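Undergrad: Produce the entire structure from the sequences given, and follow the hints as far as they go.
Sequence lines, in order, name chains R and B.
If you're matching positions, the first sequence starts at 1 in the UniProt record's numbering and goes up one per residue.
If you're matching positions, the second sequence starts at 1 in the UniProt record's numbering and goes up one per residue.
If you're looking for bench data, these hints aren't it; they were derived computationally from the structure.
This structure is a prediction, so every number in the text was calculated from the model and none was measured.
Computed from the model, here is a short list of chain B residues facing chain R with C-beta under 8 Å:
1. Ile24
2. Arg199
3. Arg219
4. His238
5. Ile333
6. Gly339
7. Ile350
8. Ile384
BS3-like, lysine-lysine: derived pairs with alpha carbons at most 30 Å apart:
9. B:Lys33 x R:Lys237
10. B:Lys237 x R:Lys143
11. B:Lys364 x R:Lys33
12. R:Lys33 x B:Lys361
13. B:Lys237 x R:Lys237
14. R:Lys364 x B:Lys33
Simulated restraints, written as ranges between beta carbons of each label pair:
15. B:Phe309 x R:Leu454: 21 to 27 Å
16. B:Leu429 x R:Pro298: 32 to 38 Å
17. R:Asp188 x B:Ser19: 29 to 35 Å
18. R:Pro288 x B:Leu429: 26 to 32 Å
19. R:Gly126 x B:Lys426: 49 to 55 Å
20. B:Glu17 x R:Glu28: 54 to 60 Å
21. R:Thr34 x B:Arg360: 22 to 28 Å
22. B:Lys361 x R:Gln165: 55 to 61 Å
Note that CB positions come from ideal geometry on N, CA and C, so glycine has one too.
Protein chains: 2
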Amino acid sequence: MSHAESPLPESPTAVDEFSLGELILFAESHELKTLDAGRLARTSPHTVARFLERLAVDDRRVVLRLLNIEEVADVLSEMESDDAAEVLGRMRENRAVQVLEALDPDDSADIFGELKKAEQKRLLGGVDPQTADTVRTLISYPKDSAGGVMTTDVATVSRQMTVRQAVDHIQTLNNRFEHIHYVYVVDDEGKLIGTVSMRDLVISKTDDSIGDIMKSELRGVLDVMMDQEDVALEMAKHNFHALPVVDSGNLLLGMVTDDDIIDIINQEATEDFQKALGAGGDEAIHDPILNSVCRRSPWLLVNLLSAFFAGGVISIFEEQISHLTILAVCMPIVASLGGNAGGQTLAIVIRTLALGGLERKDSKSVLIREAFKAGLNGILVGMISAVAVGFLAGRWDVSIVLFVAMILSMTYAGLAGALIPITLRKMNLDPAQSSQMFLTASTDIVGFAIFLGLGSLFLL
Amino acid sequence: MSHAESPLPESPTAVDEFSLGELILFAESHELKTLDAGRLARTSPHTVARFLERLAVDDRRVVLRLLNIEEVADVLSEMESDDAAEVLGRMRENRAVQVLEALDPDDSADIFGELKKAEQKRLLGGVDPQTADTVRTLISYPKDSAGGVMTTDVATVSRQMTVRQAVDHIQTLNNRFEHIHYVYVVDDEGKLIGTVSMRDLVISKTDDSIGDIMKSELRGVLDVMMDQEDVALEMAKHNFHALPVVDSGNLLLGMVTDDDIIDIINQEATEDFQKALGAGGDEAIHDPILNSVCRRSPWLLVNLLSAFFAGGVISIFEEQISHLTILAVCMPIVASLGGNAGGQTLAIVIRTLALGGLERKDSKSVLIREAFKAGLNGILVGMISAVAVGFLAGRWDVSIVLFVAMILSMTYAGLAGALIPITLRKMNLDPAQSSQMFLTASTDIVGFAIFLGLGSLFLL
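TA: Shown next, in the form of structure tokens:
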């Protein structure tokens, strides 16, 4: 090679890795066994994880057999923990134990929590006592709490140490700590008293004491039981790369890093969106068809019940409709606009709640403002509808009723679009849970009632 | 104090800061001027920013006058850049210039980009030439590209340096660099050839050369023009705290850190959710009422047009409805279930697209699978509806028509729920853009046509 005279690369080596598309081609042509193991090992674990999620269990094993323990651990840590547990449950015990030990303790605990009790017991007997202890502690915290997402691989120092002693101490820690950028200062009892960044260590004099260079006014210390959504909000609020996790007695238990938070934020956003539209919060597009169907059907049954109520409202006015069928023609216009005007409000309110932007005392003013916004748009679209119906059907009396009904039903829709998520939250339920279905159920019923009610009063 | 004998704190000091609720009370009682400046300065800039967003422009100035230049810069960097620009535009020129210089270059450029041309020119004349240069370069990149979100405050070293020389060099960099955890290695032309983490510097021997300890096989190097959504995906894929940004010639231009990414991910999730339901992507709940109304009305007008088409479909069957009003009663059941079954699919597909989980070649199988899922649920809810209508109305012929219509319309809804976002993406439009409105428009029209069509064929 012409670069022989240069022992160091002139530019960063492009990583020779598989793309997800290439991997899928291997699966489709049933040639998984011919995958180049070296190139697979260089492929980003994230890509391999996305690939495995699309494969049947047996094919997953074929692929993972090409990787060594460390590489398997990296891939499993990028998969959903239930999928990873399924893979792990089918490995030889010896290999499964090694993978569990190679995983970061937090990932290890997540995956472990998805195993059956019997499997847990069997594998926990195999792993080294220290890992077993850590895993036992971590699975005792709720999966979506700070304790459930933290890592326990934290570098701690005491404030009496000099910078040189601290650096020597960090050097003795094993290579699991490669992503650590903060060192936490604890007292003799393990209580958190300060933080030092790696950068502080780099730029301080070697005989400075840790107590002198540490930051002791700490922002964003997380309680171990804090919900992961709140953890994500704290993390977005403070621009740190990691926040320490303590118990109620300020004992340092671990830390949450912001690459964990990125996954949590994506996951929570997906959950909110999918639940709001009545799908499963953690439903994935490649899930088996029957799983998806079963996740979605309960909400459709709720929807069916509400649709029957809406139908019931219409049936009260059957007599009027048979005399004036234009009512049946205009009915869905009122319902559709109401549902969508409400949906606009719903989206804003759910996201504002998710990002912690709504104080409880704001509720009243938000309800009024959102009703007002939707009502103003009701005047606009109501006016256009009225003119259109007047010209198309030649019934200006129907126009006037439609105009009034649209303003009223859209005002109601704005109110309901704010009220539903805010009420769900007050009841400590997820504000996003199928809000759109509750919303359109109520806007249908109210819209039909207002329009047909006004129609039967003034038009017949 | 009894702790006099202990020069160092025993536990981390709780930060004495205002909560957002407390600040709002001051605003509501018009006592902003009595705010304790010291406590305000200790309050998290994020909280102060959320507070300012709720205030009128004059009140914002009253609050910001209590803070020094650095603190004002911290608060502005946490605000939406258009709001921050408005605040900056009303400061005395001298103060505005100082704030611009104190801001991180990426924030500075974001805010600058929102100023009017004349204001830009005026202020740019005031700031020091180096900052002015950086800002000019940064605003030349699209706001939502890697170049638009990166910071140019990057610590670079050459590979010939020893660890000690590198550390000495980093110590000379100003304190803007406090959050840096990686050092980039560049050649004489400024091209990126490797990375070194602060941890590597800490644990290496001081006379090791940077060339020996650097990582030269680089994953996740970002092109300066890469879209911020893709940047966020790359960041989620690699568990690094920062990724370097280069131009097409591999020249190092800056880096993107994952605390920037957290904001981007939150922002993109909000945009997708709000746009999907027809609200403004960056609409906020405390925006002035008329702004919100104007953002939402165009989509409601589109919705109105489609609702008139749905009404038009119904009007074709007016004759039949007047003879058999139960058609009008059941109509909204078909439409409502179709809309919601489609919404479930829509949510899954939009989120999967957003997280990069859908390859283009998946499209066909996704369309078929989603139609099938919705169709299966159509059989379930169709059956229940049919039985209920049969018993309630005693018309089993209507039941059968309803059953068939629900299966067909929900199958269509599943198809449409996948087709709409996938098509929008193929057209290089935002898959989330008001998808729910397009969806319910089409499910209404198709649902009414199928149900009323079958009804008029078989029931009359």
